[in-house]
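K.L.:
So the sequences go chain by chain: A and B.
Heads up: the first sequence begins at 1 in my numbering, then just goes up one per residue.
Heads up: the second sequence begins at 1001 in my numbering, then just goes up one per residue.
Worth flagging that the hints you see were computed from the coordinates, not collected in a lab.
Virtual Cβ for every residue (Gly too), placed ideally from N, Cα, C.
Take the hints with a grain of salt, since some may be wrong.
Label pairs and their calculated CB-CB ranges [as the list claims (entries may be wrong)]:
{"hint": "1", "chain 1": "B", "residue 1": "GLN1118", "chain 2": "A", "residue 2": "ASP179", "range": "31 to 39 Å"}
{"hint": "2", "chain 1": "A", "residue 1": "VAL81", "chain 2": "B", "residue 2": "TRP1182", "range": "53 to 61 Å"}
{"hint": "3", "chain 1": "B", "residue 1": "ILE1148", "chain 2": "A", "residue 2": "THR158", "range": "37 to 45 Å"}
{"hint": "4", "chain 1": "B", "residue 1": "GLN1123", "chain 2": "A", "residue 2": "THR181", "range": "19 to 27 Å"}
{"hint": "5", "chain 1": "B", "residue 1": "SER1352", "chain 2": "A", "residue 2": "LYS252", "range": "43 to 51 Å"}
{"hint": "6", "chain 1": "B", "residue 1": "PRO1309", "chain 2": "A", "residue 2": "THR181", "range": "50 to 58 Å"}
{"hint": "7", "chain 1": "A", "residue 1": "LEU136", "chain 2": "B", "residue 2": "LYS1355", "range": "40 to 48 Å"}
{"hint": "8", "chain 1": "B", "residue 1": "VAL1331", "chain 2": "A", "residue 2": "HIS153", "range": "20 to 28 Å"}
{"hint": "9", "chain 1": "A", "residue 1": "ILE71", "chain 2": "B", "residue 2": "LYS1355", "range": "13 to 21 Å"}
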Amino acid sequence: MHKINPEKTEAKMRQKISGNACAMIDAYLSLPFGTRPNCPYFNNRRQKIRGSLRVVKGKGTPTEIAEECAIDAKFARVKIVDLSADKLKEFLIANDLGIDCSGFAYHVLNALCKERTGKNVQDFVKPLRTGFIGGLLGHLRPAENIGVIAFAHEKNSTAIKISEAKPGDVIVFIGTGNDKTYNHILVITAVEYMDKLDRNNDTDKNSTCESIRISYAHSYAWPSDGIWGHGVRKGEILIHNDNLLDATWKEKGVTGNENYTFESAKNAREISIRRIKFNYL
Amino acid sequence: MTDFLPSQIQGLTDIIGFAVIACLTSLVVAPLFIRLLQHFGITRQENGDRTLGLESQEEKVNTPIMGGVLVIATIAILTYFFNWDRSYTWVPIGVMLLSAGLGAIDDLLNIFGGNRRQRSLAQTKTLICVHKNLLFRIWLAIIFPWTILKRTVSIFGSKQRKGVLVHEKLFLQFLAGAMTAWWIYWKLGENWHQIYMPFDGYLSIGGWIVPLIILIVMFTANAVNISDGMDGLAGGMLIPTFGALAFMAWISGYDSLAILNAVTAGALVTYTYFNIKPARFQMGDVGSLGLGGLLAINALAINSMAILPFIAFMFYVEATTVVIQSIGRHVFGRRVFLMAPLHHHLELSGWSEEKTIMRMWVVHLGMVIIGVWIGLH
Chain A
1 MHKINPEKTE AKMRQKISGN ACAMIDAYLS LPFGTRPNCP YFNNRRQKIR GSLRVVKGKG
61 TPTEIAEECA IDAKFARVKI VDLSADKLKE FLIANDLGID CSGFAYHVLN ALCKERTGKN
121 VQDFVKPLRT GFIGGLLGHL RPAENIGVIA FAHEKNSTAI KISEAKPGDV IVFIGTGNDK
181 TYNHILVITA VEYMDKLDRN NDTDKNSTCE SIRISYAHSY AWPSDGIWGH GVRKGEILIH
241 NDNLLDATWK EKGVTGNENY TFESAKNARE ISIRRIKFNY L
Chain B
1001 MTDFLPSQIQ GLTDIIGFAV IACLTSLVVA PLFIRLLQHF GITRQENGDR TLGLESQEEK
1061 VNTPIMGGVL VIATIAILTY FFNWDRSYTW VPIGVMLLSA GLGAIDDLLN IFGGNRRQRS
1121 LAQTKTLICV HKNLLFRIWL AIIFPWTILK RTVSIFGSKQ RKGVLVHEKL FLQFLAGAMT
1181 AWWIYWKLGE NWHQIYMPFD GYLSIGGWIV PLIILIVMFT ANAVNISDGM DGLAGGMLIP
1241 TFGALAFMAW ISGYDSLAIL NAVTAGALVT YTYFNIKPAR FQMGDVGSLG LGGLLAINAL
1301 AINSMAILPF IAFMFYVEAT TVVIQSIGRH VFGRRVFLMA PLHHHLELSG WSEEKTIMRM
1361 WVVHLGMVII GVWIGLH
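Pulled out of the complex, with its shape left as it was, chain B reads as follows (with noise of 0.2 Å):
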């Protein structure tokens, strides 16, 4: 019958085929992976994670963590063997295997790392004053300028012991979103140099389109691991948005990316199975970074920077809620939200968990069907 069909129509097939195969071959391996979490006792801790302290969330200690792993190794697997092309995909595939690297090496560390010692300015100062090894005291003057960054951005964070420090997480980030940005700005061709508005042809805004994708692909990264707070609700919402950047990547003649996307949908449908509420696992923060990144830099390569608040509406949404939780605690001394994200706010407000999750399912999926709207303009 494919005989038939047009070529295009014939790719459709093939983006669908993947995104089968994708979930069927998760579906397979995940019984085994989750055994596997256990008995390694890749787990939930405490950790001095305030929001397990809510009653929906005390049941998630002990829970599996890293099942993301799951979602990153089917996609760079079935990439690599049946996707893999140098000009679309390898990098892609880079960025999204930096970011899970950073996510692995953080959840691992919150789970067998031990608290890390973070000095303050004052105490800084002080050795600079008074330590007995000259050359140790000298060392802390010169570094003096990263330790009063460190600090400040620890200030964005909620209060670790463990795990890779904020300013590590966004000096990590910004490798990602640097390399981003030199395949888009340097490889892709001039096409890129501009950003595609919907209505209204191309926007060119020159060289400040650099930082702004390196911006694009951290601000998304953390976007994804943010509302990665409650079962099934980061999951079921990537599953519209890269079945979205699938679509939009076919409509545009981007087989390899929509494939690509496809195969990250089918993914997560499966990934999304086994963590609907109670979950057998969890994404961790391999998972959700690594995704981030990927939906950031899968969103740019086919020219769709304009539709990315759509596309990714909730979980810019659920950013947007911490930056303004952390202004108006730090610059104005107040609570905005109950609690940040939006989706514990929503919780302390009185919803309970699947409401919540529902709730904000329905209207990622509104906001997608219009992001693909706007985009075919």
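This is chain A alone, in the form it adopts within the complex (with noise of 0.2 Å):
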């Protein structure tokens, strides 16, 4: 059973992802133009790629996936103005726009890091392309090429425990899928310390030991989501003990096997939470 150390902090009691960070994600959960919508889910296995820009490929920020939608808008001779938030959304998922997991923590991680080191996230994560043409590939185009796998690599991040978990680590699902062959991601966005008391309000009102609240966010699409509902959102982890697994799942609401992310976590080879290497400094 995981204990909380009384030494703590009232300041650790609660930790929360930096600023711009922050920023970044409230701008993919409602993309700065038009009516505000929420960032669409891009699944890089099932969509066809159109041309090499990155925002096509699930890969783009918020300001880019609103450029684009603005010249898809007036191609279609839409104007963005008078759409609704859903009715952009919907806009947004026909012209395959939208994010992807790993592009979403990319980006994410990429303004904590910026803010925190003054560097690039790729600074700290390689992309796990070999030779000269991967490499430079690589190199020229982390966001398409730093995906689930190479932030979950040995040389870009390490294996933490969940008393250690703090924002900015990231939870990362490997093999997932009915196939097992699907990775996802996730980024702590906050770490909350919970005594008995907070606890109270909480899910888990019965239970009597101490436990942690990871807040995350992530990009993700439901089979209760249908075409149109998927995308960047929120959730929450109530953890009791060592075993992520054994946390209540929290999200859009839903808990327990309703909840696609604690069933594709479930359904995982392997579920860790990894601290990136720019995380420690």
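Two chains, two frames, a set of hints: combine them into the complex.
P.N.:
Right, here's the structure in full:
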């Protein structure tokens, strides 16, 4: 059973991801144009790649997605300002614009890394491509070449205990989905050490143990989302012990087996909390 | 009155006279020519051309294309009958016709041709391994380096299903450039082995001038081709460019080249008259590639390579934006411009087509004047 260190300071009771990274997440949650739609999920294994712009491969920043949407709207004779947030999201999806899980993690962690170290995240996370051409492409196009596997690789990050988790760490699922070939990544945005009193408002109010609440953000599609409901969103995990799968996962107000993120975590061959190198600084 | 004028001024009256004749000749033929283009269905097709998705471009579908034939034919015929000079005009006309021929094939294939099939490298490799015909497998293996080249250069072109493919275009343009280099370096004499640099005399780069000439011809032909994307844009900018070349050739004492440039400018006046929005016809690749090649060779023939960036300013800017966009897209995965070339970027930024064209005309004219001023030193 995990116990909170009694020497934890007040500041450590609730840690939150830094301002720039938080702003990046908020920009994906409500894209910076029109009626500020939520950024859709981009399935990079299902969608055809239209071109070599990273924004059409599910790796664009919120600004790039907004610019690309504006261009597509001109060609489609659509006035963005006339569309509701839902309609705008449908337009984004119809034009294959969105963000995949590793693209989202890359840009959020890049914002965090820049703020903390003044460097880009690719200075700490190396793409796994080898050879001269592969290495060069990885260097020139880091967002496209740093995927979940690269984030989870030993040379880029290290597995940590749940009790050590802090904002900027990531939770990776390796080998999930029905065919065990999908990978997924969540970015931890806040960690809260809860005492018994706090937990009275929580879902697991009958438990008496002390615990940690991890808030995360990610880009994902649940089967129940249908065609238009997927995208970037937040969730939280209420940790009771050292096993993430024993925790209570809550997202979109859904817990338990109805929560597809939790289902994916359970299906994964490997699930771990990892700390990217820069997050040690 | 001309009897009292110095001989060089009399040459100028001939030059202007030829420009007027070219203008009037093409003006008489143009209405009939437009009808012929419509009659034979030589009109702009959608063909997956993304630029036609723009609001201002939508109305251009079914506009007669290959209007550049009018200009090319006027130049070729008038030069052949009244200005045929084996020293100076036949090679420029040859280069122009070669480039125009390439453009004509492209235009016709775009309208009447079927989809061109392009195998990917992966497909080719698979066929080399599994095709039932051994000879075909060997053939594919032999031409595999060529296939790699084709796929590599196709990156720099827009996605195309019809017409002449990028590597074929580049090959024929290389031929036109090589023809120009051969003529200038080996036929025109030693004066052309050095580049005239205004304010500074001559610059010698030895044999490197040959690939430089080839590059200039290819780049200029493509630059004019790229700029031909809005009604009146390329035509309106080519008039002062060829006018400046006529003036520079006249000042330098190359009367036959001055007349050739003046005839081109004259024919372009008529072309632009009919091409102004809403266009009665469009230049097509036949005109833009042909005139681009002619522009490059005529500037090189009067040893004005150094002022080409000024007198072809907006064409080079347009082509450069395409190169920058291509590098940004393929190397860094990001857009630099909303759309390339520059005129589409400005249009997407909210400028109307008329505003874009006229501002580009004005900027180009200003740079041409500066170029002439520099060239006179």
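K.L.:
Given the hint of 20 to 28 Å, check if VAL1331 (chain B) and HIS153 (chain A) actually sit that far apart at their C-beta atoms.
P.N.:
Holds, at about 25 Å.
K.L.:
Is the hinted range of 37 to 45 Å satisfied by the C-beta distance from ILE1148 (chain B) to THR158 (chain A)?
P.N.:
About 41 Å separates the Cβ atoms of ILE1148 (chain B) and THR158 (chain A), which means 37 to 45 Å holds.
K.L.:
Tell me if the beta carbons of PRO1309 (chain B) and THR181 (chain A) are separated by a distance inside 50 to 58 Å.
P.N.:
Holds: the Cβ-Cβ distance is about 54 Å, inside 50 to 58 Å.
K.L.:
Note whether the CB distance of SER1352 (chain B) and LYS252 (chain A) lies within 43 to 51 Å or breaks it.
P.N.:
Holds: the Cβ-Cβ distance is about 46 Å, inside 43 to 51 Å.
K.L.:
Check the following: the C-beta atoms of GLN1123 (chain B) and THR181 (chain A) are separated by a distance inside 19 to 27 Å.
P.N.:
For GLN1123 (chain B) and THR181 (chain A) the Cβ distance comes to about 25 Å; the hint holds.
K.L.:
Has the hinted range 53 to 61 Å been met by the Cβ atoms of VAL81 (chain A) and TRP1182 (chain B)?
P.N.:
Holds: the Cβ-Cβ distance is about 59 Å, inside 53 to 61 Å.
K.L.:
Looking only at beta-carbon atoms, does the pair LEU136 (chain A), LYS1355 (chain B) fall within the given range of 40 to 48 Å?
P.N.:
holds, 41 Å
K.L.:
Take the C-beta atom of ILE71 (chain A) and the C-beta atom of LYS1355 (chain B), compute their distance, and say whether it sits inside 13 to 21 Å.
P.N.:
19 Å Cβ-Cβ, so the 13 to 21 Å window holds.
K.L.:
I want to verify a distance hint. Is the separation of the beta carbons of GLN1118 (chain B) and ASP179 (chain A) within 31 to 39 Å?
P.N.:
Check passed, 32 Å falls within 31 to 39 Å.
Checked against the numbered hints above, the structure violates none of them.
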